[in-house]
Amino acid sequence: METLSTFEIVIQIIWRFWPVWAAMIIIGTLSYMYRDRLGLYGQLYDGGVGIAGLVFIGFWLFSALFASIIAPFDPIGVVPILKNAVPGTIDPESGNAFLLGGDKLARDVFSRMVYGSQIVLIIAPAATAFALMVGITLGLPAGYYGGQVDNVLSFIANLVLAFPVILLFYLLVTPGITETPIPYTLAGLFFIFPVIFFVTLFYTRYQARPQFMWPAIAVTIVLGTWIWISLVSNDFIVQALRNNGLGFVGAFFDLPVFKIISIEPGQLNIFVAVVFASSPGVFRITRGLVMDIKTRDYVAAAQTRGESPWYIMLWEVLPNARGPLIVDACLRIGYTTILLGTLGYFGLGMPPESPDWGTAIKDGSQLLRLYVWPALVPAVALMSFVLGLNLLADALREESLKD
Amino acid sequence: MISFFVRRLGIMALTMLCLTLVVFFLVNLEPNLRKLSISQTNMRASDAQIESWLVRNGYRDNFFVRYGQWLGVVQKQPLVDPETGEATPRFRFCDEPAEARFSGVIQGDFGCSTRFKVPVSERLVPALQATGWLMFYVMLVMVPGALLVGIFAGMREGSRTDRSLSVASIASTATPEYVSGVIFTVIFASWLGILNGSAATATREGITFSNFTLPVMTMAIYGMGYIARMTRASMAEVMTAQYIRTARLKGLTFSSVVIKHALRNALIAPFTVIMPQFPWLLTGVVIVEAMFRYQGFGFTLVEAASNNDIDLLLACALVSVVVVLVTQLLSDVGYAFLNPRIRVS
Numbered sequence: 001m002e003t004l005s006t007f008e009i010v011i012q013i014i015w016r017f018w019p020v021w022a023a024m025i026i027i028g029t030l031s032y033m034y035r036d037r038l039g040l041y042g043q044l045y046d047g048g049v050g051i052a053g054l055v056f057i058g059f060w061l062f063s064a065l066f067a068s069i070i071a072p073f074d075p076i077g078v079v080p081i082l083k084n085a086v087p088g089t090i091d092p093e094s095g096n097a098f099l100l101g102g103d104k105l106a107r108d109v110f111s112r113m114v115y116g117s118q119i120v121l122i123i124a125p126a127a128t129a130f131a132l133m134v135g136i137t138l139g140l141p142a143g144y145y146g147g148q149v150d151n152v153l154s155f156i157a158n159l160v161l162a163f164p165v166i167l168l169f170y171l172l173v174t175p176g177i178t179e180t181p182i183p184y185t186l187a188g189l190f191f192i193f194p195v196i197f198f199v200t201l202f203y204t205r206y207q208a209r210p211q212f213m214w215p216a217i218a219v220t221i222v223l224g225t226w227i228w229i230s231l232v233s234n235d236f237i238v239q240a241l242r243n244n245g246l247g248f249v250g251a252f253f254d255l256p257v258f259k260i261i262s263i264e265p266g267q268l269n270i271f272v273a274v275v276f277a278s279s280p281g282v283f284r285i286t287r288g289l290v291m292d293i294k295t296r297d298y299v300a301a302a303q304t305r306g307e308s309p310w311y312i313m314l315w316e317v318l319p320n321a322r323g324p325l326i327v328d329a330c331l332r333i334g335y336t337t338i339l340l341g342t343l344g345y346f347g348l349g350m351p352p353e354s355p356d357w358g359t360a361i362k363d364g365s366q367l368l369r370l371y372v373w374p375a376l377v378p379a380v381a382l383m384s385f386v387l388g389l390n391l392l393a394d395a396l397r398e399e400s401l402k403d
Numbered sequence: 001m002i003s004f005f006v007r008r009l010g011i012m013a014l015t016m017l018c019l020t021l022v023v024f025f026l027v028n029l030e031p032n033l034r035k036l037s038i039s040q041t042n043m044r045a046s047d048a049q050i051e052s053w054l055v056r057n058g059y060r061d062n063f064f065v066r067y068g069q070w071l072g073v074v075q076k077q078p079l080v081d082p083e084t085g086e087a088t089p090r091f092r093f094c095d096e097p098a099e100a101r102f103s104g105v106i107q108g109d110f111g112c113s114t115r116f117k118v119p120v121s122e123r124l125v126p127a128l129q130a131t132g133w134l135m136f137y138v139m140l141v142m143v144p145g146a147l148l149v150g151i152f153a154g155m156r157e158g159s160r161t162d163r164s165l166s167v168a169s170i171a172s173t174a175t176p177e178y179v180s181g182v183i184f185t186v187i188f189a190s191w192l193g194i195l196n197g198s199a200a201t202a203t204r205e206g207i208t209f210s211n212f213t214l215p216v217m218t219m220a221i222y223g224m225g226y227i228a229r230m231t232r233a234s235m236a237e238v239m240t241a242q243y244i245r246t247a248r249l250k251g252l253t254f255s256s257v258v259i260k261h262a263l264r265n266a267l268i269a270p271f272t273v274i275m276p277q278f279p280w281l282l283t284g285v286v287i288v289e290a291m292f293r294y295q296g297f298g299f300t301l302v303e304a305a306s307n308n309d310i311d312l313l314l315a316c317a318l319v320s321v322v323v324v325l326v327t328q329l330l331s332d333v334g335y336a337f338l339n340p341r342i343r344v345s
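Same order as they appear, the protein sequences are chains A and B.
For the first sequence, the UniProt record's numbering gives the first residue as 1, with consecutive numbering after it.
For the second sequence, the UniProt record's numbering gives the first residue as 1, with consecutive numbering after it.
Each hint should be verified, as a subset may be incorrect.
Taking lysine to aspartate or glutamate pairs in the EDC-like style, the calculated list, with each CA pair at most 20 Å apart, reads [said to hold, decoys possible]: (1) A:Lys402 with B:Asp162; (2) A:Lys402 with B:Glu237; (3) A:Lys104 with A:Asp150; (4) A:Lys294 with A:Glu307.
Since the hints were made in silico from the structure, they are not lab data.
Nothing here was measured: the structure is a model prediction, and the numbers come from that model.
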């Protein structure tokens with residue numbers, strides 16, 4: 001079979017990524033020109049570390065967006081003659097090359113890497129966002145009130161933190177668990193936090209101006225409930241509700257409105273496990289920050305004005321804790337990516353043909369001594385993305401120290 | 001001081017109780033019990049056979065009674081054959097007392113491993129020893145390495161050495177074990193061929209340089225960056241202190257200032273992050289042992305979890321929780337001893 005030379009492979013890979021380069025150059029140039037007006041994001045362009053972080057993240061972000069244009073092959077499509085093909089082998093039928101070789105099931109490693117970024121870039125930031133919501137909503141009162149509230153919440157957080165992550169995953173993401181109500185209960189519990197958070201946020205802010213408050217709260221509740229039911233409900237839940245004499249709830253959950261966005265039970269399970277594992281960390285950081293900030297004079301001033309405790313927490317304390325929280329969120333997305341990879345590496349939750357990087361590393365590392373590329377390519381991809389996030393977090397930390 | 005320890009130990013006991021209860025609940029979910037029963041009887045067992053196996057072996061008894069039996073606060077009843085009237089053990093590979101008695105974790109009986117067909121302690125003790133060696137070598141490489149990197153970087157903040165070492169530490173924290181394991185295996189085993197890509201021989205023939213370097217290196221790299229960054233931050237802060245200026249101004253050489261004056265104070269903060277590394281290494285152990293086929297604690301945990309080996313998995317959970325809690329306690333106490341400004345209370 002014909003193969004490309006190393007130089008041709010490099011050129012073709014660079015050419016394949018053209019939408020990514022185009023998008024990065026446009027966005028990068030615009031951001032650099034107007035960096036003075038872009039606040040914290042603009043300040044990142046002042047240092048080499050920040051730019052390096054943005055380049056890595058931008059690369060994978062746009063790869064995920066334009067995956068269908070970049071990837072020459074279907075990520076789960078099989079070309080039998082190219083089983084374990086060396087990088088650059090040309091597929092005689094389509095004329096396209098397996099740029100980074102074929103894996104043991106004769107799929108294109110390059111296309112799988114590109115499509116794998118989609119899975120990571122959807123789940124990791126979303127799970128981190130939910131973990132932030134849960135951690136902040138519980139960390140604020142724990143730090144602000146202290147006492148029994150703090151004792152109980154901290155005990156629960158330490159309980160989860162004392163669980164070795166890998167054991168937690170083995171227990172929570174086993175295939176059988178989707179037949180039990182546990183993942184859906186946990187999902188229902190976690191997904192309610194954003195609704196609580198935003199309702200409290202608007203309620204405390206616009207209390208004096210009901211004409212703003214009620215529409216904002218109504219929109220939050222309607223939107224929140226719609227997303228909540230869409231994510232939590234599926235055929236299993238509807239059936240379970242019917243069996244338990246709650247048929248009308250089941251029928252309501254079954255409405256076509258709630259089918260517009262949905263999530264696979266397996267993916268929901270992964271999502272829940274990752275949120276569960278990382279919210280105690282956010283809780284601890286928020287709690288510590290709040291305990292520090294609540295001794296400041298502006299908090300005392302707000303207390304003297306007679307503001308409600310939740311107003312002080314959400315509008316006086318939280319904005320002043322944003323710096324460390326943004327840095328933590330950045331690191332946490334990276335950590336979540338690593339956790340997702342761990343799940344994939346142990347074959348937990350993800351479907352076996354899934355192109356995500358962890359699963360690809362697991363599949364590839366079985367034949368590592370003979371064929372290097374199926375494992376090495378996703379490994380480098382995962383590393384570069386997490387590296388980008390860590391560099392960005394470092395640059396953000398430097399910036400927030402300057403203030 | 002004493003009330004502090006009593007309080008801490010009380011919280012530790014409560015944490016262990018809660019966590020084992022959660023694990024016990026999760027391993028006894030219906031799909032997991034079915035999986036266990038299918039693997040223990042045979043692959044084509046009918047629903048009735050599965051159910052009778054579960055009833056016979058006591059998996060259908062009350063949940064809290066079974067948890068109490070495992071813990072050792074409720075008596076374990078012998079399984080009496082209705083026809084012969086004799087007590088037979090539930091699993092032929094484990095002994096069982098013929099009369100009812102307390103025999104649980106508190107009494108030192110961890111139960112019976114259905115996956116390896118031996119009593120749990122027989123399997124777990126050698127596994128823990130094997131992992132102990134791995135941990136020992138990892139610490140031996142990771143801690144001095146990380147401290148050196150951190151000290152060199154923090155010694156002259158903002159210098160070229162500092163910046164390159166800092167980027168290297170960031171890169172190391174971005175490389176989880178399953179990534180660095182693949183990369184190192186490719187470089188050292190596939191291309192250079194100087195190291196063994198598998199540590200399976202370490203279990204049988206003993207630890208050698210060629211079969212143990214890759215697992216140790218893989219595990220050390222991920223934790224190293226974090227400790228190094230903590231050391232660097234602490235070192236950089238100490239170097240700006242007044243007494244360092246004084247020492248420099250009285251004419252001491254830079255190296256003696258660093259070694260005699262800065263190090264002692266700079267190493268307090270890293271100590272508190274080294275101790276909590278142990279539980280973090282636990283996840284690393286599982287990945288590395290699975291990757292390099294080393295039969296230690298992590299390997300046992302994976303086998304127990306994927307076969308729903310209830311007693312073995314509970315024992316593994318208990319061990320890891322104890323490790324986490326003890327290191328937390330040691331780190332708090334150690335910090336108080338190292339830093340005279342903090343008192344244990």
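(message) Run through the hints listed earlier and report the numbers of any the structure violates, in increasing order.
(response) 3
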